[in-house]
Amino acid sequence: MRGSIKDNSELFLKNEERANWHDKALWFVREKRDLAAKSVPEWEQLREKASAVKMHTLSNLDRYLIEFEENAIKNGVKVHWAKDGKEHNRIIEEILQSHQVKKVVKSKSMLTEECHLNPHLESKGIEVIDTDLGERIIQLRKEPPSHIVMPAIHIKKEEVSELFHEKWNTEKGNNDPVYLTYQARLSLRKDFLTADAAITGVNFAVAETGEVVVCTNEGNADMGTHIAPLQIHSMGIEKLIPKREHLGIFTRMLARSATGQHITVYTSHFRKPKKGEEMHIVLVDNKRSERISREKYWTSLKCIRCGACMNTCPIYRRSGGHSYDATIPGPIGSILAPNIDTEKYSDLPFASTLCGSCSDVCPVKINIHEQLFFWRQDIGRSNVLPKSKKISMKIMAGVLGNPAVYKMFGKMMRISLKLLPSFVFENKLNTWAKNRKMMEAPKESFQEWYQKRKK
Amino acid sequence: MSRKEILENIAKNKPSGEYKLPDLNINTQKGKAAEKFEGIMPKVSAKFEKAKDYIAVTEVIRKHFSGDIRIVNLIEKVNIQGIDVSKLKNIKELDLLDLAIIKGDLAVAENGAIWVSDKNLPHRILPFICENLILVIDKKNIVNNMHEAYRLQNNLDYDYGVFIAGPSKTADIEQSLVVGAQGPRNMMVILVENQD
Chain E
727 MRGSIKDNSE LFLKNEERAN WHDKALWFVR EKRDLAAKSV PEWEQLREKA
777 SAVKMHTLSN LDRYLIEFEE NAIKNGVKVH WAKDGKEHNR IIEEILQSHQ
827 VKKVVKSKSM LTEECHLNPH LESKGIEVID TDLGERIIQL RKEPPSHIVM
877 PAIHIKKEEV SELFHEKWNT EKGNNDPVYL TYQARLSLRK DFLTADAAIT
927 GVNFAVAETG EVVVCTNEGN ADMGTHIAPL QIHSMGIEKL IPKREHLGIF
977 TRMLARSATG QHITVYTSHF RKPKKGEEMH IVLVDNKRSE RISREKYWTS
1027 LKCIRCGACM NTCPIYRRSG GHSYDATIPG PIGSILAPNI DTEKYSDLPF
1077 ASTLCGSCSD VCPVKINIHE QLFFWRQDIG RSNVLPKSKK ISMKIMAGVL
1127 GNPAVYKMFG KMMRISLKLL PSFVFENKLN TWAKNRKMME APKESFQEWY
1177 QKRKK
Chain W
3 MSRKEILENI AKNKPSGEYK LPDLNINTQK GKAAEKFEGI MPKVSAKFEK
53 AKDYIAVTEV IRKHFSGDIR IVNLIEKVNI QGIDVSKLKN IKELDLLDLA
103 IIKGDLAVAE NGAIWVSDKN LPHRILPFIC ENLILVIDKK NIVNNMHEAY
153 RLQNNLDYDY GVFIAGPSKT ADIEQSLVVG AQGPRNMMVI LVENQD
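Chains as they are written, first to last, in the working numbering: chain E, 727 to 1181; chain W, 3 to 198.
Rather than coming from a laboratory, the hints here were simulated on the basis of the structure. The structure presented is a predicted model; accordingly, all values stated were derived computationally and were not measured. It is possible that some hints are incorrect.
Using C-beta positions, here's what the derived DEER-type ranges look like [as the list claims (entries may be wrong)]:
(1) E:Arg816 / W:Lys45: 42 to 48 Å
(2) W:Leu26 / E:Pro1040: 18 to 24 Å
(3) E:Asp733 / W:Lys32: 53 to 59 Å
(4) W:Asn92 / E:Glu757: 44 to 50 Å
(5) E:Glu853 / W:Lys91: 41 to 47 Å
(6) E:Ser824 / W:Asn92: 47 to 53 Å
(7) E:Lys804 / W:Lys91: 42 to 48 Å
(8) W:Ile82 / E:His825: 49 to 55 Å
(9) E:Lys740 / W:Leu90: 22 to 28 Å
Some chain W residues judged to face chain E by a derived CB distance under 10 Å, without partners named [claimed, not checked]:
(10) Ile12
(11) Gly69
(12) Ile71
(13) Asn75
From the three backbone atoms N, C-alpha and C, an ideal C-beta is built for every residue, glycine too.
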């Protein structure tokens, strides 16, 4: 059963100190993003172009997929097509079994999270090691990622130290990130040297050349693919771009948006297999070909998974990624998840202030806050909303839709807030007053103030 | 066959509007590429040295790396003896390699990234498995930005290629930047000013 974001974030907020720490950590990344974006005067132009390239590709996706496949095959790559997560997992399992693979090293891939690849392979007796440090930490803790770029952003160094001590017998109480990172390096190095296969996600795939591009800072995708005799790249079909020259736009924006770096340390271009060895690419649909038909929502497929919308989101920062209980959390996750299962994720589009900051920072100009609003309308019209929410929304619609009622209601509220004792408002029935005081009521409404000034 | 099903679904469902591929005329900043490139080196945690020619490159490397260490040198003009990688039985023997010296084809001023392709790499793992990496770049091969870089590379044929901007790093533990994740723990860039 999926927990609601309301209940989950309530739990998250119980530890106020930790919630504040989480909020600050994410805001720090948002500030770095701002500095990096401002260092590029043509930033807005880049966003326009990036968006246009993606819209063009998506509206010709079948043609570009065929071109990509043709060129990848020419390069000696084996291309597979998976209509859903299950088929994706089965294809990968078959490739691994045919090579008698016992151990796989994997670099970060939200797609394999979406398909639940790890549990599938493990159930078939194949060991999977996640090699991105953050991913390794959450894998050892048996947790899902809480952020798509910084999967362990919710965990404190003391907890990492405890975990490594327990798993690898590292020095107890040594909380130094340098020491802890080095210990993980030693452990992962052994895994790289003993893996039979490497799996990576894909940031961009180029139709013109049939190559896939993978961006990392740690070098883990390269350590994996260049040592293991077998390499597999899993990609959602929306990762395609037409030409190599378009990489110029996206590689300038991805890291700046994600972490505030000017580029990731490694931007690796895989075209052909290593000599005498095998390279596979698995193209995954998993309802993307259906989502592309939705007039209001298809542009969410432009997403390049930078995570900027999460770092800036006041809800995400104060709720934590796990509260969304969806593969991809945050604003973008809240418009992606209802595409997959509208009823199951019907609460997510409501977990937003609609402030629009997500759309402002999005490097490919997805109108995230508008799509959140569209989802609210669609969900409101369907029968999946809880009754309490439906009733309160009906009342609000009545009040906001009628100027006279609105004026009267406003006046009533101002007077009652001033005159009635605080327990009338600050009680369990008023969720607005949970963890916060009711605001002080102004003497007059804006309209009244404005009328007076006009005289 | 899922291939057919997926493609048919897309053909049926894709948006019908005409979305043109944009031109790539972008108002980029140009000029002083070498200075900008040098200026960005500390930001990507890379050490930086200049050398007037390849004899000087050899001297710079000898100054920083000496003693009994395992080296792979892939630049002929750099006079440093190392392991002959063609004689390796297994690339895993390269684990804990102290130093790899590799030529970069081009460098990007806006972000410090250097393009290395398997044209210069007998094994793709070399720039990653070493503890210390030296990338040598000719001054004439510095471009302003990624657009220029991709335009230049259009003529380059490669099976594998990578932009490298500094040593491997991570900030996965509480956003603390740690240099030396799964790849090299140190990186030095040597800029050759008067290449022949």
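Quick rundown of the hints versus the structure:
1. E:Arg816 / W:Lys45: 42 to 48 Å: holds (45 Å)
2. W:Leu26 / E:Pro1040: 18 to 24 Å: Given a distance of about 36 Å, which is not inside 18 to 24 Å, the answer is violated.
3. E:Asp733 / W:Lys32: 53 to 59 Å: holds (54 Å)
4. W:Asn92 / E:Glu757: 44 to 50 Å: Because 46 Å falls inside the window, the suggested range holds.
5. E:Glu853 / W:Lys91: 41 to 47 Å: violated (26 Å)
6. E:Ser824 / W:Asn92: 47 to 53 Å: Violated - the Cβ-Cβ distance for Ser824 (chain E) and Asn92 (chain W), about 23 Å, lies outside 47 to 53 Å.
7. E:Lys804 / W:Lys91: 42 to 48 Å: With a Cβ separation near 28 Å, Lys804 (chain E) and Lys91 (chain W) fall outside 42 to 48 Å, so the hint is violated.
8. W:Ile82 / E:His825: 49 to 55 Å: violated (38 Å)
9. E:Lys740 / W:Leu90: 22 to 28 Å: Since Lys740 (chain E) and Leu90 (chain W) have Cβ atoms about 56 Å apart, the given range 22 to 28 Å is violated.
10. Ile12: This hint holds: Ile12 (chain W) lies near chain E, its Cβ roughly 4 Å from the closest one there, short of 10 Å.
11. Gly69: violated (22 Å)
12. Ile71: Since the shortest Cβ distance to chain E is 18 Å, the answer is violated.
13. Asn75: violated (19 Å)
Violation of the numbered hints given earlier is confined to hints 2, 5, 6, 7, 8, 9, 11, 12 and 13; the remaining hints are satisfied by the structure.
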